[in-house]
Every structure is written in structure tokens, then in C-alpha cells.
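Chains as they are written, first to last, in my numbering: chain A, 1 to 452; chain B, 1 to 512.
Hints were generated in silico from the structure; no laboratory data involved.
Fair warning: there could be bad hints in the mix.
[Claimed, not checked] Some chain A residues near chain B, calculated using beta-carbon distances under 10 Å:
hint: 1; residue: ASP79
hint: 2; residue: MET136
hint: 3; residue: GLY139
hint: 4; residue: ASN283
hint: 5; residue: THR285
hint: 6; residue: GLY348
hint: 7; residue: LEU350
hint: 8; residue: GLU353
[Stated by the list, open to error] Coverage of chain B stretches by chain A, computed from C-beta distances (three or more under 8 Å per stretch; other residues unrestricted):
hint: 9; segment: 339-352
hint: 10; segment: 493-507
By construction, the Cβ of each residue, glycine as well, lies at the ideal position given by its N, Cα and C atoms.
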Amino acid sequence: MRLFLILCLLSISLHSSAQYDLGVHFMRGIWQANYTNPALLPDQRIILSLPGVQNQFSFENVTYNDLVNRQPDGSTALDIDGVIDQLETDNFIRNDLDIPTLGLALRIGDGGLIQAGHRLRAGISTNISRDLLALMWRGNAQFIGQEIAIGPDLFGQAYHEFYAGGAFTVGDFVTLGGRVKVLNGIGSVESSRTEATLFTSDDIYQSTITADYQLNTTGFASFDENSGNNFMLQDIDHLFTRNFGFGIDLGVSANLGPITLRASVLDLGTITWRDNVENQAINGTFTYEGIDVADQPALDSINLDNVVDSLDAFFDVTTTNARFTTSLPTRIFLSGTYQITQGLQLGGLLYGEVFRDRVFPALAVSANWTVSPLFSLGGVYSARRNSYANVGVHTALRLGPVQLVAATDNLLTVFRPDDSATAHLRLGLNLAFGRVEDRTKQSDSNREEDFF
Amino acid sequence: MRSFTTFVLLFGLCFACEELDQLQDIDDINYDAEFAIPLINSTLSIQDILDDADESSSLSIDENGLLHLIYEGDVLTNQGLSVLQDVANDLPSIIPVLSDDFAIPFTIPNQIDIDQLTFSSGELSYAVQNRNPEPVNVQVTLPQLLREDTALTYTFSLPAYSGSGAIPTATNQNSPTTLSGVQIIPQDDTVYVKYEAVTPDGQMVALSNFVLRINNPTLSYAQGYLGQNEYAGGSNRVEIDFFDQSYIDGTVRFAEPTVRFLIENSFGIPTRAVIHDFAVTTVAGERLPVTGDIIDTGIDFPFPPLTAVGESRTSAFTFDQDNSNIVDLLSSNPLALEYDIDVRTHPDGNSSEKGFLTDESSYSVRLEVDLPLSGQVDQFVLRDTTGFDLGELQELSEAEFKLIADNGIPIDADVQIYFLDEQNQRLDSLFTADLQRINAAQMNADGVSTTTVTTERILPYPPERLDALRQAVTLGLQVRLSTASSTGNNVQIYQNQDITIRLGAIIRVQSE
Chain A
1 MRLFLILCLL SISLHSSAQY DLGVHFMRGI WQANYTNPAL LPDQRIILSL PGVQNQFSFE
61 NVTYNDLVNR QPDGSTALDI DGVIDQLETD NFIRNDLDIP TLGLALRIGD GGLIQAGHRL
121 RAGISTNISR DLLALMWRGN AQFIGQEIAI GPDLFGQAYH EFYAGGAFTV GDFVTLGGRV
181 KVLNGIGSVE SSRTEATLFT SDDIYQSTIT ADYQLNTTGF ASFDENSGNN FMLQDIDHLF
241 TRNFGFGIDL GVSANLGPIT LRASVLDLGT ITWRDNVENQ AINGTFTYEG IDVADQPALD
301 SINLDNVVDS LDAFFDVTTT NARFTTSLPT RIFLSGTYQI TQGLQLGGLL YGEVFRDRVF
361 PALAVSANWT VSPLFSLGGV YSARRNSYAN VGVHTALRLG PVQLVAATDN LLTVFRPDDS
421 ATAHLRLGLN LAFGRVEDRT KQSDSNREED FF
Chain B
1 MRSFTTFVLL FGLCFACEEL DQLQDIDDIN YDAEFAIPLI NSTLSIQDIL DDADESSSLS
61 IDENGLLHLI YEGDVLTNQG LSVLQDVAND LPSIIPVLSD DFAIPFTIPN QIDIDQLTFS
121 SGELSYAVQN RNPEPVNVQV TLPQLLREDT ALTYTFSLPA YSGSGAIPTA TNQNSPTTLS
181 GVQIIPQDDT VYVKYEAVTP DGQMVALSNF VLRINNPTLS YAQGYLGQNE YAGGSNRVEI
241 DFFDQSYIDG TVRFAEPTVR FLIENSFGIP TRAVIHDFAV TTVAGERLPV TGDIIDTGID
301 FPFPPLTAVG ESRTSAFTFD QDNSNIVDLL SSNPLALEYD IDVRTHPDGN SSEKGFLTDE
361 SSYSVRLEVD LPLSGQVDQF VLRDTTGFDL GELQELSEAE FKLIADNGIP IDADVQIYFL
421 DEQNQRLDSL FTADLQRINA AQMNADGVST TTVTTERILP YPPERLDALR QAVTLGLQVR
481 LSTASSTGNN VQIYQNQDIT IRLGAIIRVQ SE
């Protein structure tokens with residue numbers, strides 16, 4: 001209990017860790033595991049899921065300590081140069097928020113389940129190339145004679161998810177599950193085309209920008225040309241909009257005695273954005289060669305701001321209002337567990353996420369220990385691209401019908417947050433009634449039901 | 001619910017950004033950036049350069065493509081209308097008719113001998129009294145005043161005079177005869193007025209107090225000897241700005257400069273430009289008179305003969321090295337040409353030379369200085385200034401300029417840029433050396449450029465000199481031109497020659 005509370009508090013204060021809910025996936029009989037595979041059944045007949053939260057933040061390749069240096073005199077200094085040296089070609093900064101507000105699941109018979117509920121989900125990310133940040137911070141002189149990519153990828157969307165689904169067991173071993181989701185978009189920002197390069201000539205440094213860049217916004221963000229081409233956060237005027245979409249989750253679980261094999265595909269779907277849509281596009285090749293004084297006979301004064309003005313004049317942004325469609329980040333879980341003893345389970349997981357036309361894989365191994373009917377504890381090690389030191393913990397506390405769930409995929413964040421590039425936390429609260437015994441046990445003995 | 005939604009979204013963002021909030025407490029932000037910026041990229045034809053440097057001139061291109069700087073002086077003009085008005089003003093306004101066949105000598109002051117006049121406007125009226133005891137019928141004829149080849153006549157009756165009271169009077173002063181289109185063709189320099197006053201019984205009688213009045217006459221044509229008149233053109237000046245504001249030192253020698261008088265004349269009488277003063281002023285403050293026979297004799301205008309009324313004749317007179325010292329004078333860095341020229345009609349006073357004027361006759365005399373851009377330049381130094389503001393780049397800590405010049409003009413240019421303060425005092429210069437050479441284009445034996453020559457200079461501007469840039473409010477550009485590479489030959493400046501100047505900079509900006 002003390003460990004649980006400490007974990008919760010530290011997780012909240014330090015944002016916790018864990019990549020992509022990997023630890024939760026291995027939590028036995030806990031409703032939140034069903035979020036990672038709709039074929040995973042809870043241990044109770046009736047589950048009422050109360051509001052919880054899951055958030056994960058990551059800044060690839062960069063930690064707070066990379067960004068901020070403490071000086072010998074105790075002061076702190078921003079070290080962008082150090083950050084740039086650590087960056088890869090692609091560097092995602094990303095935050096995903098999942099707030100399950102209310103859900104209800106009912107076990108039907110021995111192997112069936114129906115469920116329905118609502119979640120509020122939001123995610124925002126940007127992919128900043130090393131060259132772009134280096135250009136912004138160190139200037140373009142380092143790229144004389146080179147062409148560099150400067151188009152940042154930006155993606156963000158917030159939406160309501162209303163879901164309904166079910167699961168059923170085929171034969172004695174295989175359970176199939178699925179969820180159908182109606183999505184209602186709140187707001188979105190998306191760079192649908194991100195081609196943009198800058199070439200700095202080695203002659204007199206003429207700059208050529210070749211761009212095919214489009215940014216779609218709706219709802220909470222727009223591109224304001226009048227304020228110097230900056231993004232402006234807008235009020236969210238309507239809770240529900242005409243921005244509808246659909247999605248599905250599919251899962252399967254095979255129970256082979258002490259071994260279980262699982263597979264799931266989550267968030268296959270799209271949202272089409274129609275309300276207050278703006279599409280800002282830059283297309284073409286723009287070359288700035290310097291001021292042509294021959295074309296400016298009235299140029300009676302040289303003000304170097306004129307050069308900056310001329311550079312600004314490069315960008316001829318065209319605005320349209322065409323609806324656009326965004327895809328949900330699709331996640332794939334392939335896992336297996338081995339029940340060593342009644343209380344101890346080992347697991348392995350191959351994870352992949354398809355996001356912004358890239359695949360983000362992860363590998364995880366887990367150990368879960370059911371300490372008592374009231375308390376379980378687990379640990380997970382995960383490795384992902386450029387990050388191999390992620391150790392997370394997850395725990396569940398059962399107090400009668402009340403289930404408290406806490407999980408993080410990166411415990412290092414708790415102890416050394418300034419050295420962590422990621423942070424993850426899931427907190428959940430369920431009311432669960434009518435315990436269902438394990439089917440394998442049931443086959444070996446008379447069914448024994450315990451309401452709690 | 002809306003607030004809730006907004007809250008949770010912000011919660012999510014804050015959740016991720018709490019550490020980012022700590023960035024606000026960072027004490028130092030140290031940046032050190034270098035930006036490579038193209039500043040100037042201009043191709044300047046010689047025409048662009050000269051247009052900017054000298055707004056008072058125009059450029060012309062001869063058949064070989066050689067450029068000429070053309071400066072034009074004020075135009076001397078006169079209209080025939082004003083001369084005709086002088087003649088009209090000399091016409092008598094009231095003419096007493098003293099007999100029934102009265103001869104009026106048609107003489108006009110200033111020795112004007114008119115063979116024919118045509119009115120364009122004016123009025124003719126008469127007044128006459130009958131003191132006879134019988135009524136009379138009257139016919140007045142003016143045989144030398146013709147409207148469409150028909151003499152002007154008046155016919156009217158006057159009642160008998162009783163011997164007391166008002167004398168019967170006839171007049172058309174309330175509806176006078178318009179003179180527009182009426183010609184006067186004197187007969188032996190005389191204009192006659194004839195009348196017949198006949199009583200009812202056929203007797204010819206005399207009339208009393210007969211007068212003719214001409215009001216507000218204007219003429220559209222005059223023919224004859226129109227007198228010797230001089231029309232003042234006044235003092236004029238042609239500025240040659242090429243050597244004015246920007247000139248500092250050195251010489252330019254034009255190969256074949258000329259000054260032309262371009263004359264266009266439709267006066268049908270002998271006319272001459274009389275040159276009272278013609279001189280060149282130089283940058284050295286000298287005033288050098290133009291000499292040559294033509295200065296004394298003047299320049300006669302061509303004029304149309306009596307058979308070509310309404311036509312004009314043109315001619316040009318050129319001052320060149322064969323008839324004057326103008327070449328030497330224009331090779332002395334001239335600032336201006338000053339002249340005082342009048343125009344004299346019938347300059348020889350020969351009254352037998354008959355001519356004509358119409359109200360549309362005119363003459364104009366235009367003075368044109370032609371400086372062909374062929375010649376030599378010796379250390380010719382120009383200077384110009386322009387405002388300067390470093391703008392948002394005040395934080396720059398170091399700079400390096402890169403200058404590339406592709407010169408297609410066969411003139412070497414030594415260039416320096418000075419940074420000046422508000423008192424125009426020199427703070428620093430762009431080049432540490434005196435001036436930087438932009439090499440002339442390669443040229444052939446005729447001084448015609450054949451190959452563009454590229455000059456490239458890297459110009460570091462270290463931190464310790466940047467204060468001068470920050471304080472500067474004026475840029476001073478000094479250019480020293482020379483044709484030394486032509487080894488004594490004249491160089492030719494053609495329309496298709498140009499120079500491309502490209503200037504870029506790498507500027508370093510550091511946090512303090």
C-alpha cells in the first residue's frame with residue numbers, strides 16, 4: 001500500500017515513465033489492460049471504469065539536462081548547441097493524453113464481454129530535424145553550399161472517442177475482441193505536406209527555398225498571417241463538431257495453459273475535419289539573391305532591415321478551406337506470457353506504432369507478481385529506438401470493488417527526471433463486481449464465484 | 001463542459017511541459033550564430049549608372065552602339081503671332097474720310113512695308129452726317145479691303161437736315177463689321193475710301209464728319225518687309241552634372257565632343273541667331289569663352305519662301321573642332337555651358353527682301369551638348385553618399401563581406417566605402433587598404449571591351465571595428481575611375497556593357 005502511494009505521488013510529480021502503456025498491457029485481470037487488447041478479459045463480471053488519466057511525453061534524443069547546463073557558479077544556462085549535437089535526423093517531441101471518463105463492461109457467460117464508454121484523447125507532436133534547429137540556432141553559414149531540409153512536421157489532434165465493443169471466446173482457448181469507435185474531433189493541426197529545403201549558395205550566399213508545405217488547422221489552432229505568421233491558439237467554441245471519424249480496435253488472445261499469446265491492432269481509423277478548416281500552403285521555389293539596386297532608383301538609404309523585409313517577402317502563403325483527414329496513430333501489440341507460478345508471470349512484447357508515416361517499434365519484457373488478492377506488482381523493461389534503459393513498474397490495488405491502477409513505463413523519470421527523455425503515467429480507478437475464476441482453473445475444479 | 005474540455009487539454013500540455021516551465025528560470029542563454037546573407041546583387045548597365053548619376057542628361061546610342069551623353073539647353077522660341085500683333089498695334093485706329101475719294105497712305109512705323117495683311121479678328125465701324133437739306137442715299141466702298149476678293153461696301157440712307165436740331169447721322173457702331181478674314185492689299189502703299197451720296201433728284205452731294213474706326217485688330221498673316229526687330233533670348237545655362245556633385249578629382253577627355261544648335265523655323269523672313277555670349281565654366285572655376293568665326297557672324301535660320309507659307313525649315317549648326325575651340329573646352333571638366341543669344345529678323349535691313357509671317361509661324365533654337373563616351377579617364381574620382389542604418393543587426397559581433405564584380409566595362413574602378421557619423425566625419429572604411437580595384441574588362445586595340453573580368457574580394461570586418469558600423473548614419477562611396485589599362489588608347493563605352501556587383505556577408509551574432 002505504501003509502495004503504491006509512493007509510486008502514485010512520484011508518478012504525478014515527476015510525470016513518470018513508460019513507453020506506450022507497455023506495462024499496463026501485462027497487468028492481469030485489470031480493466032485498463034483491455035485498452036491495449038480488447039480480447040483481454042477482466043476478472044470481474046461488471047466493471048465500471050471511472051475517470052482516469054494516461055499521459056506520455058517524449059523528446060527523442062534530448063533530456064532536460066542536455067538542454068540546461070548548470071554552471072560552476074550555480075546558475076543555469078541553456079545549451080542548445082549541446083542539444084543539436086545529440087540530435088538525430090528526425091527528432092519527435094510528442095505528448096499523448098488519454099482520459100477515460102466513463103466506461104462499462106459486462107462479462108457475458110464464461111468467455112464473453114460487452115463494453116461501452118467514452119474517452120477524451122489528445123496528442124500533439126512535432127518532428128524537428130537536426131538541420132532545422134541548427135539553422136535556427138547557429139544560422140545558415142554552416143550550410144553554405146549545402147541543401148538542408150527545413151520543413152517541420154507538426155501533428156496534433158484532440159477528439160472524443162465513444163466506443164462499444166465486445167469479446168467472445170472461441171472454443172476453450174481463443175478469445176476474440178473488438179471495439180468500434182465513433183470519433184468527434186475537437187481540434188487539429190497537421191502538416192500534410194512537409195517538403196521544404198534551403199540551399200545557401202557559396203557565391204554570395206544566395207538562398208533558395210524549395211517548398212511544398214501545407215499546414216491544416218481547425219478548432220484550437222490557426223495560422224495568423226497578420227501577427228507575423230504565427231500560430232494562434234483559438235477558443236474551442238463547440239464541444240461537439242461536424243468533425244466525425246471512425247475507428248476500430250481488434251484483438252485476439254490464445255490461452256495455451258501456462259502460456260498465453262496475444263495480438264492486437266488499435267486505433268485503425270480516421271477523422272475528417274470540416275469545421276473552421278484552414279489550409280495554409282507554400283509551394284514553389286523562392287530564391288533571394290540580394291537587393292537589386294538597379295530596380296530601386298529611389299533607394300536613397302541602405303537599411304539592413306530591408307534585407308530582412310525582402311526575406312519575409314519570400315513567403316507567399318495561400319489559404320484555402322478544404323476539409324482534410326487525419327489518421328489515428330495505429331498501435332500493434334504482439335505479446336506472450338508464461339505463468340511460472342500461480343502468482344508470478346513473465347511476459348514478452350513486440351510493439352509497433354505507425355505514426356506520421358513512420359514505424360516506431362519497441363521491445364519489452366515483463367514480470368508480474370500477484371502478491372495477494374489485494375495487491376499486485378509488476379515490472380517492465382523496454383527498449384526502443386535510441387533508448388534502451390527504460391524500466392517501468394505497474395501496480396494494482398483492490399479494495400473490495402474498488403480497483404486502483406498506477407503504471408509507468410520509465411521509472412528512471414522518478415529518480416532522475418532531468419536525465420529522462422520520456423515520461424509516462426497511467427492512473428485508473430475502477431469499480432469491479434463479481435469475480436470470475438480463471439477458466440483453466442474452472443476446468444479443473446468447480447466454478448467458484450466471489451462477488452469481489 | 002467546454003471548460004472541462006479546455007481544462008483537460010491544457011492539463012495534458014502542462015503535464016508535458018512542466019519541465020519546460022523551468023526553462024523560464026534559466027539564467028543564461030548563450031547563442032553564437034553565423035548568418036550568410038546576400039546583400040546586393042545588381043547588374044548595372046552603363047545606362048543605369050549614368051541615369052542615376054546624372055539626371056539632367058539623356059543617353060543616346062549612335063549607329064555603332066556607342067553611348068552619348070546629351071545635355072540640352074533651354075529652347076529659344078518665338079511665335080509669329082507676337083510679331084503680327086506688333087504690326088497690328090501700329091495700324092491707325094481712327095481714320096477721317098475727308099473726301100468722296102479719299103487716299104490713306106498705308107505706312108507703318110519701324111520701316112515696315114506691308115504688301116498684304118489678313119485680319120484674324122477686329123471690328124470696322126463708320127459714322128457720317130448729312131448736313132444737306134435733301135435726304136441722300138449713300139454707298140461707301142473700300143476697294144483695298146477685301147472679303148473673299150470682294151471690296152467692303154456700305155449702303156444706307158440719311159434724311160434731310162432742317163438746319164436746326166440734331167444732324168442726321170448714320171453709323172454701324174452698334175453692329176460693326178467683323179474684320180476676321182478681311183485682307184488689306186494696299187495699292188501703291190495707299191488704301192482708298194470712296195463714297196457716293198445722291199439726292200432724290202440725282203445730285204451728288206458731300207457728307208460731313210465721316211470717320212472710320214478699327215477696333216482691336218489682330219492679324220493672321222502679313223507679307224512684305226516686316227522690319228528689323230530683335231527678340232531677346234536672355235542668358236541661359238546648360239548644366240553638365242556629370243562633373244558636378246559627385247566629382248572630386250581627375251580628368252575625363254572625351255574624344256569628339258560637340259555642341260549643336262538645332263533650328264526649326266517657319267518664319268518666312270530672314271532671321272539670325274546673334275550670339276552675345278557663349279562660354280564654358282569648369283570645375284576649376286574658370287570661365288572659358290567659345291571662339292570661332294560663327295560667334296561673330298551669328299547663325300542664319302533657314303526660312304520658307306512665299307510659295308511655302310505654313311511650312312517650316314530645319315537646320316543644325318555644330319560647333320566642333322573644325323570651327324571652334326569647343327573640343328578643348330569640353331575636355332576641361334566642364335560644369336556648364338553659358339550663352340546669351342538673341343534672334344534678329346531682317347538682320348541685314350534689306351527692305352527689298354520681302355517675306356511673310358502667319359499667326360502660326362514660329363522658330364525654336366535648341367542647344368545640345370553631345371559628349372560621346374569615347375575617350376580617356378585619368379584618376380577620375382567620384383563620391384556619393386547614402387543613408388545607412390544597421391537596423392536589427394545591431395547585435396552583430398563580427399562580419400565578413402564577400403564582393404564579386406563581373407566588369408564588362410573597359411574602365412578600372414578603385415572603390416572604397418566609408419562609414420560616416422552625423423557630422424560626416426569618417427569613422428572607418430570597409431576596406432583596410434586605400435581602395436580596392438575592380439579590374440576593367442579586357443579590350444581590343446580599339447578600346448572596345450571583349451571579355452568580362454571578374455574580381456573577387458573577401459573583406460573581414462573584425463569585432464573591434466564594429467562600433468563604427470553601429471554608429472554610422474551615412475555611407476560614403478568613393479570611386480576612382482581610370483583607363484590606364486587601355487595604354488593610352490581611347491576606350492569606347494557601348495550600350496551593351498555592364499557590371500554586375502554581388503555583395504554578400506557572413507555576420508556573426510553572439511549573446512552578450
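Consistency of the hints with the structure:
1. Restraint check, ASP79(A) versus chain B: the minimum CB separation of about 8 Å is within 10 Å; hint holds.
2. The restraint placing MET136(A) at the interface with chain B holds, with a minimum CB-CB distance near 9 Å, inside the 10 Å limit.
3. For GLY139(A), the suggested interface contact is upheld, since its CB lies about 4 Å from the closest CB of chain B, less than 10 Å.
4. With a cut of 10 Å, the hint placing ASN283(A) at the interface with chain B is violated, because the nearest CB-to-CB distance is about 23 Å.
5. Interface hint at THR285(A): violated, since its Cβ lies 16 Å from the closest Cβ of chain B, which is beyond the 10 Å cut-off.
6. A least Cβ separation of about 29 Å between GLY348(A) and chain B goes past the 10 Å threshold, and the interface hint is therefore violated.
7. The interface hint given for LEU350(A) is violated, since its Cβ lies 27 Å from the closest Cβ of chain B, which is over the 10 Å cut-off.
8. For GLU353(A), the interface hint is violated, since its Cβ never comes within 10 Å of a Cβ in chain B; the closest pair sits about 18 Å apart.
9. Figure legend: the segment 339-352 of chain B, annotated as covered by chain A; annotation inconsistent (0 residues with Cβ-Cβ distances under 8 Å, at least 3 required).
10. Counting residues of the segment 493-507 of chain B whose beta carbon lies closer than 8 Å to any beta carbon of chain A gives 5, which reaches the threshold of three, so the coverage claim holds.
Hint violations for this structure: numbers 4, 5, 6, 7, 8 and 9, all remaining hints satisfied.
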